[in-house]
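Chains A and B are the protein sequences, given in the same order. Quick note on my numbering: the first sequence kicks off at 1 and runs consecutively. Quick note on my numbering: the second sequence kicks off at 1 and runs consecutively.
Misleading hints may appear alongside valid ones.
Identical chains share a label here; the pair holds if one copy fits it or two copies do between them.
Claimed, not checked - Simulated crosslink set (DSSO-like; lysine-lysine; CA at most 27 Å straight-line):
#1 Lys86 to Lys243
#2 Lys243 to Lys76
#3 Lys102 to Lys470
#4 Lys389 to Lys76
Just so you know, the hints here were simulated from the structure itself, not pulled from any lab data. Small disclaimer: the values here were computed from a predicted structure and weren't measured.
2 protein chains.
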Amino acid sequence: MPRLHSSRLLPLAAALLVCAAPAFGANPSTTIAAADIQAATQLRDAALHDDSAFQFIEGLTTEVGERLAGGDNDLKAREWVIAKFKALGFDKVWTEPVTYPKWVRRSEHGEILAPFAQPLALTALGYSAATPAGGLTAEVVGFDSFDALKAADPASVRGKIVFVGARMHAFRDGHDYGIGSKVRTQGPALASHMGAAAFLLRSAGTDNNRLPHTGVTNFAGATPIPAAAVSAPDADQIERMLKSGQPLSIRLALDCGIEGQYTGANVIAELRGAKKPDEHFVMGGHLDSWDPGTGAIDDAAGIGIAVGAAQAIAALPHRPARSIRVVAFANEESGLFGGKAYAAAHKAEIAKAVLGSESDAGADRIWKITASVKPQARAAVAQIAEVLKPLGVEYAADEPGSGGSDLSAVHAVGMAALSLHQDATRYFDWHHTANDTLDKIDPEQLRQNVAVYAVSAYLAAQANGDFGSKPGAWANEHE
Amino acid sequence: MPRLHSSRLLPLAAALLVCAAPAFGANPSTTIAAADIQAATQLRDAALHDDSAFQFIEGLTTEVGERLAGGDNDLKAREWVIAKFKALGFDKVWTEPVTYPKWVRRSEHGEILAPFAQPLALTALGYSAATPAGGLTAEVVGFDSFDALKAADPASVRGKIVFVGARMHAFRDGHDYGIGSKVRTQGPALASHMGAAAFLLRSAGTDNNRLPHTGVTNFAGATPIPAAAVSAPDADQIERMLKSGQPLSIRLALDCGIEGQYTGANVIAELRGAKKPDEHFVMGGHLDSWDPGTGAIDDAAGIGIAVGAAQAIAALPHRPARSIRVVAFANEESGLFGGKAYAAAHKAEIAKAVLGSESDAGADRIWKITASVKPQARAAVAQIAEVLKPLGVEYAADEPGSGGSDLSAVHAVGMAALSLHQDATRYFDWHHTANDTLDKIDPEQLRQNVAVYAVSAYLAAQANGDFGSKPGAWANEHE
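Starting from the given sequences, assemble the full structure and let the hints guide the process.
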């Protein structure tokens with residue numbers, strides 16, 4: 001699951017970037033040498049022939065498959081990635097522990113009982129409570145948005161199953177995920193506060209397949225209630241029946257819940273820098289996935305892209321000045337646990353993380369680069385962007401870059417960050433569903449991603465000067 | 001499920017049409033009056049505003065849902081359609097019994113055990129045998145086509161699970177269904193003859209969704225074995241593992257089978273003709289559907305289109321000369337039982353069925369009209385085609401028309417037939433899957449279908465002369 005910028009915030013964020021400028025006033029400018037630009041251009045063209053990213057994704061999704069955080073495949077996936085990183089010849093491979101509540105999905109079932117009996121294709125949300133043994137049957141009250149639920153009289157909701165039917169449409173920047181993820185993450189808590197018995201949403205997705213989109217919800221202090229997503233065609237059925245004006249009753253049987261704590265790990269690999277090995281560029285993705293699919297686009301792709309980029313750099317005649325770090329983060333899906341643990345573990349040496357960018361929106365073509373860097377490093381980012389331009393990447397110099405979901409916590413403690421924006425038009429058709437499988441990866445577009453990451457990593461690792469990483473540097477940038 | 005012409009047979013069929021010509025030599029020519037052409041043109045344009053077809057499909061899929069032949073919803077669907085036909089004001093509504101073996105699906109589960117454990121999205125085929133209690137585990141042997149299985153040494157297959165991975169691609173005329181349906185209908189019997197323990201196929205579909213395509217298989221004297229379809233992404237997984245060269249073992253647990261005989265019914269409605277009420281044009285679709293979806297494209301659409309066309313004709317100031325008959329056929333899916341029963345019941349008066357056409361390939365735009373009529377009626381078909389031309393329909397005068405799946409048996413006993421070919425490009429993405437739901441119906445394209453059927457029915461009902469229906473008239477036309 002990526003965290004996407006709310007486009008409403010961009011002007012504010014841009015203004016803050018400008019306001020923050022004086023703080024960096026004393027810093028020297030960062031530049032990239034012409035020879036490095038030339039080497040990066042060759043690296044870019046070589047990376048367009050990469051097969052290692054696809055092989056990584058193919059291997060992980062075929063040999064391990066689904067990777068629910070804390071589930072049966074969690075350890076298996078870590079062992080697979082550790083072995084793979086070692087086999088690929090990284091100079092150093094290590095793990096760092098990540099602890100979180102272990103949520104398990106045992107079974108799930110739902111059906112409309114009246115006015116017209118129909119089975120429902122649904123899936124429990126992460127952290128959903130179980131229904132009582134034997135299931136839960138209640139009347140449904142429907143809303144077309146989060147705000148409509150919020151505005152409702154709690155008496156109309158009490159004891160009922162709340163259904164929110166908000167729709168998402170497909171866009172290159174995926175901004176409608178803001179609608180769907182708000183309903184999913186905040187809707188169940190709101191419904192619980194209002195006294196609802198359970199919560200259903202139209203899947204946060206842009207497809208019309210009979211495959212529900214799971215994802216985490218956040219009860220944030222509210223009493224957990226059963227919460228699930230129905231597929232778009234099932235949401236249509238619910239809405240048609242609600243429109244008929246006849247009472248709609250649904251039976252839910254969700255067997256799921258939290259089973260104590262689990263300790264997994266971030267898996268980290270590094271190519272050792274030739275001159276400043278203690279400084280690094282960091283990239284990666286998250287190793288966990290939701291359980292209905294095999295987590296190809298979300299997010300074997302993210303790690304695969306970083307692996308491909310690192311392999312392309314490793315194939316150069318000389319190692320870059322700084323180290324290149326690849327992180328396979330633990331449990332992004334239920335609350336950025338891996339990213340937060342990594343940030344906590346590396347906060348003290350954050351200035352050594354010169355720049356970072358993580359991929360968590362599939363593997364379709366990267367179309368935009370944005371950055372949160374010190375003003376004196378803007379020119380260097382522009383140099384990087386110039387090498388990326390022939391790949392169809394545009395540089396939006398006035399927009400910040402959070403570094404991606406798993407690196408957002410690292411960015412929040414001070415790391416300068418790039419965001420390399422993938423085309424998300426198709427992403428939310430498959431995101432968090434059984435359809436997240438290898439066939440959704442387009443090898444040609446994947447190679448473009450590898451080239452973009454390879455160039456960005458290499459040039460950041462070679463740059464003369466830093467990008468502004470220091471404790472708390474971006475504290476006021478984002479919401 | 002439509003039965004599609006094999007394009008290989010078309011030249012032969014065309015030749016037979018020509019050879020058959022002398023048999024009709026003594027018959028007078030059939031013509032359509034200019035006033036009727038003008039009325040049909042107005043009817044066509046009015047039918048493009050039809051909403052009754054969509055309302056029919058919406059009602060049936062929402063208020064009844066899946067309609068597995070002989071299943072829980074079989075009687076409910078019949079009662080719904082009888083009530084709907086009566087409410088729509090048909091002059092006569094009646095049923096005719098149809099008896100067939102009742103096959104039931106209780107549960108189904110499959111998983112890869114080795115070399116890499118993965119769950120499988122699969123669905124049992126109609127008439128599949130059950131696995132033993134506790135399931136069946138066996139090694140898998142893979143083939144890329146029906147012919148490759150046929151050519152295999154039975155010793156290599158004995159006791160194993162046969163997997164056939166033949167692929168279909170999307171075409172407007174849907175011809176690749178010939179590949180997929182052959183593997184599905186004939187593969188399990190062949191595997192059983194060769195001593196296989198069970199049979200799996202790559203779904204007969206053109207999508208890459210994690211939703212398997214069910215459909216009937218035909219053991220034709222072979223001992224029934226467990227037989228199921230896996231979704232395309234699951235077929236990819238199986239093929240990747242087979243390619244690795246390591247032994248692949250799968251566990252199947254299918255609880256399904258035949259539970260005696262069931263008697264359902266064809267539901268028939270008629271608008272009484274003004275001058276020759278005992279003669280009629282017949283159109284329709286099949287009322288049963290496969291059980292994973294709600295049977296919107298397959299085949300609520302077929303009945304809905306006929307209903308819409310009949311409603312448009314009923315709205316004219318005068319009834320046409322001949323009657324207009326709409327049939328909702330029972331159990332097409334497991335072997336054309338409704339169509340065969342109808343043919344048997346009406347064989348004696350087949351000459352009264354002046355012409356017929358049934359819709360069973362969804363509701364996307366009709367792009368071609370073909371006909372099996374006597375040579376002296378070709379000019380009348382050309383007149384009908386001329387009225388359809390502005391709707392984007394081309395007339396392929398040298399290709400036969402079987403009348404569609406449910407009417408193929410009626411055609412076989414002598415009814416002249418039109419085939420109104422729907423664009424099947426999207427159809428096999430959803431066919432026989434949980435994705436066969438109302439949202440896959442494009443209301444605009446559906447209206448074009450209604451207009452095509454309304455024009456065809458009206459002009460056939462008004463024509464001066466017949467189209468060649470008589471006992472055994474087309475016996476040599478098709479394979």
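Provide an ascending list of the numbers of those earlier hints which the structure does not satisfy.
3, 4
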